[in-house]
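Given next are the chains, with one letter for each unit.
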Amino acid sequence: MKTIDLEFIESLAIGASLLGAGGGGDPYIGKLLASWAIETYGEPRLFDLSEVPDDAVCVMSASMGAPTVAVERLPGGDELHIAIISLQRYIGKRITHLVGLEIGGMNSMLPIASAARTQLPLVDCDAMGRAFPELQMCTPSLFDKSATPMVLADECGNTVIIDSNSNLKTEKMARQITVEMGAVSYIALYPLSGKELKETMIPGTISLARDIGDKISKSRADRVDVLNSLLKITNGVLLFEGKITDVDRKTHDGFARGTVELAGIGDYTDSKLRVIFQNENLIASLNSQVIATVPDLICLVEPSTCRTITTEELRYGLRTIVIGIPCDSRWRTERGLQLVGPKYFGYDIKFTPVEK
Amino acid sequence: MSIRIGVDVGGTNTDAVAFLNDQLVAVAKSPTTQDVTAGVTNAIQEVIEFGKLDSKRISAVMVGTTHFVNALVESQYLLPTAVIRLCGKTTRAILPFRDWPLNLRKAIQADVFLLDGGHEFDGRTISALSQKQIDNTINMLIKSGIRTVAISSVFAPLDNSHETYVAQRVSKLAPNISVSISSEIGRIGLLERENATILNACLRDVAGKIVTALERSIKELGINCQLFISQNDGTLMSAAHANRYPITTFASGPTNSMRGAAYLSGKADCAVIDIGGTTTDIGILRAGYPREASSIVNVNGVRTNFRMPDVISIGLGGGSIVRNTNGLAIGPDSVGYKIRSEALIFGGRTLTTTDLAVASGRSEIGDPNRVKHLDPGLVRDALELIQETIGQALETMVTSSEPIPVVLVGGGHLICGQEIKNTRSVTRPTNLDVANAVGAAISQVGSQIDQIISITPSTRESAIEALRKEAIARCESAGAVVESIEITNIEEVPLAYLPVGSVRIRMRAVGNLDFSKDLNKII
Numbered sequence: 457m458k459t460i461d462l463e464f465i466e467s468l469a470i471g472a473s474l475l476g477a478g479g480g481g482d483p484y485i486g487k488l489l490a491s492w493a494i495e496t497y498g499e500p501r502l503f504d505l506s507e508v509p510d511d512a513v514c515v516m517s518a519s520m521g522a523p524t525v526a527v528e529r530l531p532g533g534d535e536l537h538i539a540i541i542s543l544q545r546y547i548g549k550r551i552t553h554l555v556g557l558e559i560g561g562m563n564s565m566l567p568i569a570s571a572a573r574t575q576l577p578l579v580d581c582d583a584m585g586r587a588f589p590e591l592q593m594c595t596p597s598l599f600d601k602s603a604t605p606m607v608l609a610d611e612c613g614n615t616v617i618i619d620s621n622s623n624l625k626t627e628k629m630a631r632q633i634t635v636e637m638g639a640v641s642y643i644a645l646y647p648l649s650g651k652e653l654k655e656t657m658i659p660g661t662i663s664l665a666r667d668i669g670d671k672i673s674k675s676r677a678d679r680v681d682v683l684n685s686l687l688k689i690t691n692g693v694l695l696f697e698g699k700i701t702d703v704d705r706k707t708h709d710g711f712a713r714g715t716v717e718l719a720g721i722g723d724y725t726d727s728k729l730r731v732i733f734q735n736e737n738l739i740a741s742l743n744s745q746v747i748a749t750v751p752d753l754i755c756l757v758e759p760s761t762c763r764t765i766t767t768e769e770l771r772y773g774l775r776t777i778v779i780g781i782p783c784d785s786r787w788r789t790e791r792g793l794q795l796v797g798p799k800y801f802g803y804d805i806k807f808t809p810v811e812k
Numbered sequence: 264m265s266i267r268i269g270v271d272v273g274g275t276n277t278d279a280v281a282f283l284n285d286q287l288v289a290v291a292k293s294p295t296t297q298d299v300t301a302g303v304t305n306a307i308q309e310v311i312e313f314g315k316l317d318s319k320r321i322s323a324v325m326v327g328t329t330h331f332v333n334a335l336v337e338s339q340y341l342l343p344t345a346v347i348r349l350c351g352k353t354t355r356a357i358l359p360f361r362d363w364p365l366n367l368r369k370a371i372q373a374d375v376f377l378l379d380g381g382h383e384f385d386g387r388t389i390s391a392l393s394q395k396q397i398d399n400t401i402n403m404l405i406k407s408g409i410r411t412v413a414i415s416s417v418f419a420p421l422d423n424s425h426e427t428y429v430a431q432r433v434s435k436l437a438p439n440i441s442v443s444i445s446s447e448i449g450r451i452g453l454l455e456r457e458n459a460t461i462l463n464a465c466l467r468d469v470a471g472k473i474v475t476a477l478e479r480s481i482k483e484l485g486i487n488c489q490l491f492i493s494q495n496d497g498t499l500m501s502a503a504h505a506n507r508y509p510i511t512t513f514a515s516g517p518t519n520s521m522r523g524a525a526y527l528s529g530k531a532d533c534a535v536i537d538i539g540g541t542t543t544d545i546g547i548l549r550a551g552y553p554r555e556a557s558s559i560v561n562v563n564g565v566r567t568n569f570r571m572p573d574v575i576s577i578g579l580g581g582g583s584i585v586r587n588t589n590g591l592a593i594g595p596d597s598v599g600y601k602i603r604s605e606a607l608i609f610g611g612r613t614l615t616t617t618d619l620a621v622a623s624g625r626s627e628i629g630d631p632n633r634v635k636h637l638d639p640g641l642v643r644d645a646l647e648l649i650q651e652t653i654g655q656a657l658e659t660m661v662t663s664s665e666p667i668p669v670v671l672v673g674g675g676h677l678i679c680g681q682e683i684k685n686t687r688s689v690t691r692p693t694n695l696d697v698a699n700a701v702g703a704a705i706s707q708v709g710s711q712i713d714q715i716i717s718i719t720p721s722t723r724e725s726a727i728e729a730l731r732k733e734a735i736a737r738c739e740s741a742g743a744v745v746e747s748i749e750i751t752n753i754e755e756v757p758l759a760y761l762p763v764g765s766v767r768i769r770m771r772a773v774g775n776l777d778f779s780k781d782l783n784k785i786i
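Residue numbers (the numbering used here), protein chains in the order written: chain A, 457 to 812; chain B, 264 to 786.
Honestly, the hints are just simulated from the structure, not real lab data.
Built from N, CA and C at the ideal position, the CB exists for glycine as well.
Treat the hints loosely; a few may be bogus.
To be verified - Here are some of the chain A residues that sit facing chain B, going by a computed Cβ distance under 8 Å:
hint	residue
1	Leu-488
2	Ala-522
3	Val-527
4	Glu-528
5	Arg-529
6	Pro-605
7	Val-616
8	Ile-617
9	Ile-618
10	Asp-619
11	Gly-638
12	Pro-659
13	Gly-660
14	Arg-775
15	Phe-801
Unchecked claim - For each label pair, taking beta carbons as the anchor points, the in silico distance ranges come out as:
hint	chain 1	residue 1	chain 2	residue 2	range
16	A	Asn-743	B	Glu-337	51 to 59 Å
17	A	Thr-496	B	Thr-475	43 to 51 Å
18	A	Tyr-800	B	Glu-337	51 to 59 Å
19	B	Ser-747	A	Arg-771	28 to 36 Å
20	A	Arg-771	B	Glu-733	55 to 63 Å
21	B	Glu-665	A	Thr-761	53 to 61 Å
22	B	Arg-355	A	Thr-761	29 to 37 Å
23	B	Arg-361	A	Gly-498	49 to 57 Å
24	B	Glu-733	A	Gln-632	27 to 35 Å
25	B	Glu-665	A	Asp-619	40 to 48 Å
26	B	Gly-471	A	Thr-496	55 to 63 Å
27	B	Ser-434	A	Gln-632	20 to 28 Å
28	A	Gly-498	B	Gly-408	31 to 39 Å
Said to hold, decoys possible - Derived contacts from chain B toward chain A, CB cut-off under 7 Å, selection only:
hint	residue
29	Thr-354
30	Arg-355
31	Ile-357
32	Phe-360
33	Phe-418
34	Leu-453
35	Val-642
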């Protein structure tokens, strides 16, 4: 068991931003919320997945909606707590542990705020290992676990319970309710027993994100090779180094879709990389040959600091290093790829493991 | 026949230029004085005398100044600032002043009030305003003796009616409290916009004093015209508005220099390299306006999001100190305004970049005999290093591999040679050392829109057209001649992770100043 202090969340924010694979929203607001909760209610405890008893009652805590709205209408402070309490009342069992849904981006921080606020222990794991745009894209879905009963809450004390037999249907309903709640909602979902949690979640991702952030910020201080330590800790591969020569954002159908083109520099002079994104980076092609696809993580970082460049920040002229990080092996199974592979996002491309 | 005077107050010199019917007719340089307004008076007086101008025909004086930002950097004369945030039950966990540097926070943080109000992304209200809450709050402000208040409201860039209502109420019940509202200052991103509003509010006292002093000094010159202050985005505001929104002048220096460079060189799309005494600023002009920084701007350790030009600044200028002890090094320290006594060519003892330019024969100022002894190898290597440093900085700013035209301005331009990597041409326009003042003089007025709208493919065109009309209307009410108004920038970004077709649209309109209007009333 460890505790999460303010220094921990500083590092976590940097690491979580990288694991967002270009999306997931800026963790900054989440970090302020978590630090407020820690200062107000105390440091939450963090347990390893293996330490959770089989009969534990575990629930995921997160937010849902548009990051652009999340930086304008900020949390009131009680909504995550209200969602958890309301779910507890509905399932009629005392919740014993909290869990993260999504380690990439803003949602890395919310379970920490919840754990501080509720005084419940947090488990070191998540259900994505990165950021994904939809809530059925969680490893428990691969084991037929239901995302529901699920509660959505807003800052004004409104709650909605969804009980459904399809996680995809749950996603669609929850998204509509979120719009009604003002484009951001705070959710409690995927109630799982400790046994189910151990079978279905990706272990150690909170610590991993913290360690990544630690390496990036320490390397900055020590001026050692930031990139190498980053690749080592993530098992990542260097895909490209170049300069953005074109950003094409497609504005129809309400998604932040687009492509970004990079011209190589250094070892990659005379090569071109194209990355297709849709909130997150989805597909990377080197000179028209696909070299990485979702669910593996494609991350663009700023060369000297390894700070993440999100898809919203892409612009002409930025120098970037592109790295690929292998996703959790469960995403690479046939079922995993059905749920989060390139085909689900509308691209008729075969999944190519990034390390090959 | 109308005369416009542009003034730039720099760290070393105060420059003034005069335009007669769009023709540059006179320039003057005068040292910046401790009492800054005296320097402004001197510069204007000189330009009037030099151009033999009739001061009665001067229709406007435009001033670009770093006064306000200096007050903040030096933490001087800052007012304790109260904050009213209109947010209902939302946006309460993270309070104003959170994540601020402790010293600044200590200097200015006063009471914070979270009240009912605010809007959703689609224009619905979060909660209605509460008259009782508002009046109670104002009473508490009066009792506390506070003199300035910052007001923010959730989604104010989209709908600022709640902010303006509370602002009017404060002005009515407590006319001595100055009010700053967030929708006038920043864009979407509540904390950053609120931070900028707080910084603005704490500067109100010093802004008022500076504006009054500037107005007085032009009156004393017998000039009976309106005073305008340059804003960050290259547009103007009236003296009365500058009084209320000093923070929007923070980055007007680089903006004026770039716009002045565009005017002097006749190029609207180019990179501008402004080499001063201590630093070199590089920015990109598109259609005559500087490219804006994309998002968060850190001001004195505070995260803000107001409109700023995207400028890279490097510690290299005409006064930069050259050392050759442990390898060749140039800057970032500079002899600054003491160059006239400390540089070798002026009889001083410090080797500066300007000495190198003279030693190489590129420049003929000072006494060339005093740099004859310099090793030609050192001079060559150092000048190459300067070229390389500038080339690298430029490369981080350009948007494609296409070679770009470059305009060089600023008093230190001679330290830079003609050959810069990846450039199509390097132009040094005449009067390049007063580009800032020219930029101030040619400034226009403008308006900005930042909204989230819900669109479908079939309604997109009409929705954008409606916003375009609104931007033009706002620009007109800011004092522009309606026929001259142009939309200079439209940015459209869809909201991620939302099923509805919502996009965030940012739009900018600019137009020529209409001198027939009483601009103090409208801007």
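Here is how each hint holds up against the structure:
1. Leu-488: holds, 5 Å
2. Ala-522: Constraint on A:Ala-522 satisfied, holds at 4 Å.
3. Val-527: Cβ of A:Val-527 sits 5 Å from chain B, so the hint holds.
4. Glu-528: Since chain B brings a Cβ to about 5 Å from A:Glu-528, closer than 8 Å, the hint holds.
5. Arg-529: Given a least distance of 5 Å, the restraint on A:Arg-529 holds.
6. Pro-605: violated, 22 Å
7. Val-616: At about 16 Å, which exceeds the 8 Å cut-off, the nearest Cβ of chain B leaves the hint on A:Val-616 violated.
8. Ile-617: violated, 20 Å
9. Ile-618: For A:Ile-618, the interface hint is violated, since the closest Cβ of chain B sits about 15 Å away, which is over 8 Å.
10. Asp-619: violated, 21 Å
11. Gly-638: holds, 4 Å
12. Pro-659: violated, 26 Å
13. Gly-660: Violated - the Cβ of A:Gly-660 stays beyond 8 Å from chain B, reaching only about 26 Å at its closest.
14. Arg-775: holds, 7 Å
15. Phe-801: violated, 14 Å
16. A:Asn-743 <-> B:Glu-337: 51 to 59 Å: holds, 54 Å
17. A:Thr-496 <-> B:Thr-475: 43 to 51 Å: holds, 45 Å
18. A:Tyr-800 <-> B:Glu-337: 51 to 59 Å: holds, 56 Å
19. B:Ser-747 <-> A:Arg-771: 28 to 36 Å: holds, 30 Å
20. A:Arg-771 <-> B:Glu-733: 55 to 63 Å: violated, 26 Å
21. B:Glu-665 <-> A:Thr-761: 53 to 61 Å: Violated, at about 27 Å.
22. B:Arg-355 <-> A:Thr-761: 29 to 37 Å: For B:Arg-355 and A:Thr-761 the Cβ distance comes to about 33 Å; the hint holds.
23. B:Arg-361 <-> A:Gly-498: 49 to 57 Å: violated, 19 Å
24. B:Glu-733 <-> A:Gln-632: 27 to 35 Å: For B:Glu-733 and A:Gln-632 the Cβ distance comes to about 30 Å; the hint holds.
25. B:Glu-665 <-> A:Asp-619: 40 to 48 Å: violated, 58 Å
26. B:Gly-471 <-> A:Thr-496: 55 to 63 Å: With Cβ atoms ~39 Å apart, the hint is violated.
27. B:Ser-434 <-> A:Gln-632: 20 to 28 Å: The hint (20 to 28 Å, Cβ to Cβ) is violated, given that B:Ser-434 and A:Gln-632 are roughly 42 Å apart.
28. A:Gly-498 <-> B:Gly-408: 31 to 39 Å: Holds: the Cβ-Cβ distance is about 37 Å, inside 31 to 39 Å.
29. Thr-354: holds, 4 Å
30. Arg-355: B:Arg-355 check passes; min Cβ-Cβ to chain A is 5 Å, inside 7 Å.
31. Ile-357: holds, 5 Å
32. Phe-360: violated, 12 Å
33. Phe-418: holds, 6 Å
34. Leu-453: holds, 5 Å
35. Val-642: violated, 31 Å
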